[in-house]
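Chains S and P supply the protein sequences, listed in that same order.
Its first residue numbered 47, the first sequence is counted upward by one per residue in the working numbering.
Its first residue numbered 216, the second sequence is counted upward by one per residue in the working numbering.
Calculated directly from the structure, the hints in this document are not laboratory data.
Quick caveat, the model's predicted, so the values are computed rather than measured.
In this text, a Cβ means the ideal position worked out from N, Cα and C, and glycines have one as well.
You may find that some hints are simply not true.
What the hints assert, rightly or not - What follows is a list of derived Cβ distance ranges for each label pair: (1) P:Ser246 <-> S:Lys181: 32 to 40 Å; (2) S:Asp207 <-> P:Asn235: 25 to 33 Å; (3) P:Gly320 <-> S:Ala178: 16 to 24 Å; (4) S:Gln65 <-> P:Pro499: 25 to 33 Å.
As the list claims (entries may be wrong) - Chain P residues, not near chain S, derived (Cβ > 12 Å throughout): (5) Asn234; (6) Asn235; (7) Ser272; (8) Glu273; (9) Thr355; (10) Thr357; (11) Pro365; (12) Ala394; (13) Asp405; (14) Leu435; (15) Ser437; (16) Gln447; (17) Leu464; (18) Asp471; (19) Asp503.
As the list claims (entries may be wrong) - Facing chain S, a subset of chain P residues (Cβ under 7 Å, in silico): (20) Thr219; (21) Ala222; (22) Ala264; (23) Ser434; (24) Leu496; (25) Gln498.
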Amino acid sequence: MGSGFMGLEIGKRALMAQQGALDVIGHNVANVNTPGYSRQEAVLTPTEPSLTAAGYIGTGVAVTDIRRIRDAFIDLQVRTEMKKLGQYDMISTALEEVEVILNEPSDSGIRTALDQFWSSLQELNANPESDAVRKTVRERAVTLCVAITHTYRQLSDLQWDTDASIRAKVTEINTYASQIAELNSQITKAIAAGDHPNDLMDRRDLLLDKLSRIVDIRVTEDVAGWSRVTIGGVPLVEVQGASEIAVQQLPSGYAQIVWANSGLPVNLSSGEMMGHFEVRDNLVEQLKADLNALASSIISEVNAQHALGFDYHGQPGGAFFQGTDATNIAVDDAILNDVALIAASSTGLVGSGGNALAMAQLKQKLTMQSDPAMPPNATWDDFLRGIMARVGVDSEHATKMAENEESLITEIENRRQSVSGVSLDEEMTNMIRYQHAYAAAARLITTADEMLEVLINRTGITGR
Amino acid sequence: MRITTAAMARNLLRRLDTNNKRILEFQDQLSSGKAVSKPSDDPVAATKAFRLRTTISETARYKANLQEAMDWLTATEEALSKMVDVLQEAREMAVEASTSTLPAGSLDAIAAKIDQFQEHLVTLANSDHGGRFLFAGQNTLTSPFTAAGPVGVLDTGALMREISRGEMMKINITGEFLAGPNGILNILPDLAAKVRAGDSDAVSAMISTVEDGIDKVLSLESETGAKINRIQMSIDQMTESEVSLTKLLSETEDADMAKLIVDLSREEATYQAALAVGARLIQPTLVDFLR
């Protein structure tokens with residue numbers, strides 16, 4: 047049978063355990079709004095029983111563990127979807143901007159400029175002698191050139207903006223990686239010492255979530271508490287620490303990302319970074335190539351026809367456009383200075399507008415092809431329309447995928463909240479429980495105290 | 216499944232956000248009047264709108280071409296009609312001069328009148344429309360005839376206009392009917408000479424030559440008139456086309472205002488309800504009820 051002091055000890059242990067549990071509840075309540083926080087639970091276990099003649103007697107309770115409630119599988123799911131969201135979000139945003147740049151369907155895009163140029167050539171056919179009409183043709187041609195070069199330049203600007211964003215994101219990745227490595231060493235030291243670094247692990251998981259949106263990472267965690275992060279199979283964070291990603295300048299001036307220690311390119315398959323590359327190197331690059339094809343076709347076809355005609359003075363036509371593609375298409379300087387040089391006539395006589403008519407009819411000519419190996423099967427209008435349709439479909443697709451991913455991630459986040467989130471109602475209820483237990487433990491101590499007092503002060507005193 | 220405080224707040228925010236996004240979309244469409252303002256709104260409709268816009272622009276241009284052609288042809292018709300009038304009067308003179316009972320003085324007077332008619336014919340042959348000569352072929356800036364005959368080599372080139380896709384029309388009458396051995400301009404000087412000579416038989420024979428000339432000009436006049444009719448029909452067709460294309464474009468691109476306003480009201484009501492419900496549910500926790 048234990049001594050009376052055992053009661054005191056049990057009471058003390060109870061008080062401390064309930065107090066500890068209340069502290070954990072307090073921590074949960076304080077962090078109800080902290081992003082990335084997982085609720086913690088004090089694990090109360092009975093302490094080692096002592097063996098007596100009557101058998102084992104319990105000796106009270108202690109807080110043996112502060113458990114972090116978190117489902118690693120949900121974390122894995124979140125990271126898998128985050129990288130897809132990052133990618134589609136980036137692409138969708140960029141394509142929306144491309145749609146604004148193209149400015150179709152509207153009355154102020156390249157299509158309108160082309161239509162008005164054609165219309166002015168028709169008018170020239172009807173009035174080849176008129177100086178005013180010739181000036182109109184020149185102005186419409188200039189407008190067309192400006193529309194094309196301006197659009198091209200805006201697309202280039204978009205590429206450079208994306209490039210700048212890529213460089214900024216590299217810094218972000220490196221920052222996150224080094225922070226994760228730092229947390230790794232702190233966490234493993236704490237675990238080795240037997241502590242529960244729950245809040246540190248929360249911080250690390252939050253960083254991993256943020257990182258997973260930017261690049262497609264794989265995370266493996268081991269028992270000792272190390273989180274190893276790899277990108278495309280190459281380690282970013284491991285036991286020795288964090289590797290760095292660096293920017294390598296390509297001959298074009300654009301950035302390529304490589305591993306700082308080996309110089310090998312980083313193997314991406316998803317994430318915001320991938321989205322940026324997709325936009326810069328595929329989507330916008332293709333559009334620029336298409337614009338170039340359109341511009342060079344316009345230049346060569348119009349110039350070829352123009353050379354077959356005669357100008358106001360009966361001289362054979364020279365060049366109408368100068369330049370080679372969408373970067374530099376412009377009306378020839380000679381014509382800018384003197385509209386009489388526009389070769390409207392097909393016979394050399396001033397009243398003939400036949401060549402202007404032939405130039406106008408280039409609008410219906412099949413000048414573009416979708417496959418370079420095949421003969422031309424599209425007019426300039428068809429080609430422009432095709433570009434616009436493609437951008438529209440791609441943009442719609444990216445937006446819908448991004449929306450889908452958002453919904454998916456919200457679902458998964460809800461599940462994560464359900465497991466790891468703090469419910470104030472729950473914490474309040476538990477608080478009441480532990481509070482009652484604390485009060486009862488205090489009662490225990492009072493009772494044990496009174497018993498001891500009886501024993502010490504009032505037992506064995508006789509005849510006083 | 217545990218529902219946490221944060222989960223309820225997050226859900227409320229997400230629903231409100233979805234609501235707001237829809238309201239914003241409606242607002243965009245109502246203020247722009249367009250259901251398709253960028254290709255990704257509806258790629259198929261956008262493609263259709265693109266093509267419709269081009270076709271409408273082409274139709275407007277063809278209409279302008281037709282109008283311009285009509286003006287030219289009308290001027291030509293007028294000039295030809297006046298030529299007929301002049302030749303008719305010359306014929307009257309020829310008839311009068313063919314009677315053999317006139318004194319020499321009257322014959323001279325008649326010849327002088329015929330000379331006047333010839334001058335008038337030359338003026339008519341040099342008719343112009345806005346500074347461009349009607350019967351000069353493609354040499355439109357140079358007056359084609361003098362009293363002595365054509366200036367240099369008469370040009371017989373055609374002036375073509377595209378009046379609809381791939382369809383060409385020649386709008387000018389070239390000057391062969393005026394110049395050349397059987398040309399209108401060679402009849403009256405010949406007649407005047409014969410009248411002066413007093414050769415009444417020769418003058419009689421010339422009456423039919425003048426009549427042939429009148430017929431030739433009349434047939435050109437009716438050819439021109441027929442072209443004018445054809446053009447008027449085409450203009451009417453183009454106008455109708457413009458109207459239906461514009462209507463089609465509107466159906467493709469424009470927002471249905473009435474439907475949008477109803478949708479917007481409904482969405483606003485939903486938003487209000489979401490706000491009210493959210494306010495009721497996210498506020499009370501157990502803390503309010505514990506002492």
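Checked hints:
Separated by about 38 Å at the C-beta atoms, Ser246 (chain P) and Lys181 (chain S) satisfy the suggested range of 32 to 40 Å. At roughly 28 Å, the beta carbons of Asp207 (chain S) and Asn235 (chain P) sit within the given window of 25 to 33 Å. The supplied range of 16 to 24 Å is broken by Gly320 (chain P) and Ala178 (chain S), whose beta-carbon atoms lie about 55 Å from each other. Judged by the Cβ atoms, the range 25 to 33 Å given for Gln65 (chain S) and Pro499 (chain P) holds: they are separated by roughly 29 Å.
Under the 12 Å C-beta cut-off, the non-interface status given to Asn234 (chain P) relative to chain S holds; the minimum distance is some 15 Å. With a least beta-carbon separation of about 15 Å from chain S, Asn235 (chain P) lies farther than 12 Å from that chain, consistent with its non-interface assignment. The beta carbon of Ser272 (chain P) is not kept farther than 12 Å from every beta carbon of chain S, the shortest such distance being approximately 4 Å. Its closest Cβ contact with chain S, about 7 Å, brings Glu273 (chain P) to no more than 12 Å, contrary to its assignment away from the interface.
A beta-carbon of chain S comes within 12 Å of the beta-carbon of Thr355 (chain P); the shortest separation is about 3 Å. The Cβ of Thr357 (chain P) does not lie farther than 12 Å from every Cβ of chain S; its closest approach is about 9 Å, which violates its non-interface assignment. Residue-level check passed: Pro365 (chain P) sits 15 Å from the nearest beta carbon of chain S, beyond 12 Å. Non-interface call for Ala394 (chain P) relative to chain S: holds, since the shortest CB-CB distance, roughly 17 Å, exceeds 12 Å.
Listed as a non-interface residue, Asp405 (chain P) keeps its Cβ farther than 12 Å from every Cβ of chain S; the least gap is roughly 31 Å. Leu435 (chain P), annotated as away from the interface, keeps every beta carbon of chain S farther than 12 Å; the closest lies near 19 Å. Every beta carbon of chain S lies more than 12 Å from that of Ser437 (chain P), the smallest distance being close to 24 Å; the non-interface claim holds. The non-interface label for Gln447 (chain P) is consistent with chain S: the shortest C-beta to C-beta separation is roughly 18 Å, beyond 12 Å.
At roughly 9 Å, the least C-beta separation between Leu464 (chain P) and chain S is not larger than 12 Å, which violates its mark as non-interface. Every C-beta of chain S lies more than 12 Å from that of Asp471 (chain P), the closest at about 18 Å, which supports listing it as non-interface. Remark: the non-interface label on Asp503 (chain P) conflicts with the geometry, its nearest Cβ contact in chain S lying 10 Å away (cut-off 12 Å). Evaluation of the Thr219 (chain P) hint against chain S yields a held restraint, the C-beta minimum of about 3 Å falling below 7 Å.
Because the closest C-beta pair between Ala222 (chain P) and chain S is about 4 Å apart, less than 7 Å, the hint holds. Taking 7 Å as the C-beta cut-off, the interface hint given for Ala264 (chain P) holds, the closest approach to chain S being about 4 Å. Interface hint status for Ser434 (chain P): violated, as the beta-carbon distance to the closest one in chain S is roughly 24 Å, over 7 Å. This hint is violated: Leu496 (chain P) has a C-beta 13 Å from the nearest C-beta of chain S, more than the 7 Å allowed.
Proximity of Gln498 (chain P) to chain S is violated relative to the hint, the smallest CB-CB distance being about 12 Å (cut-off 7 Å).
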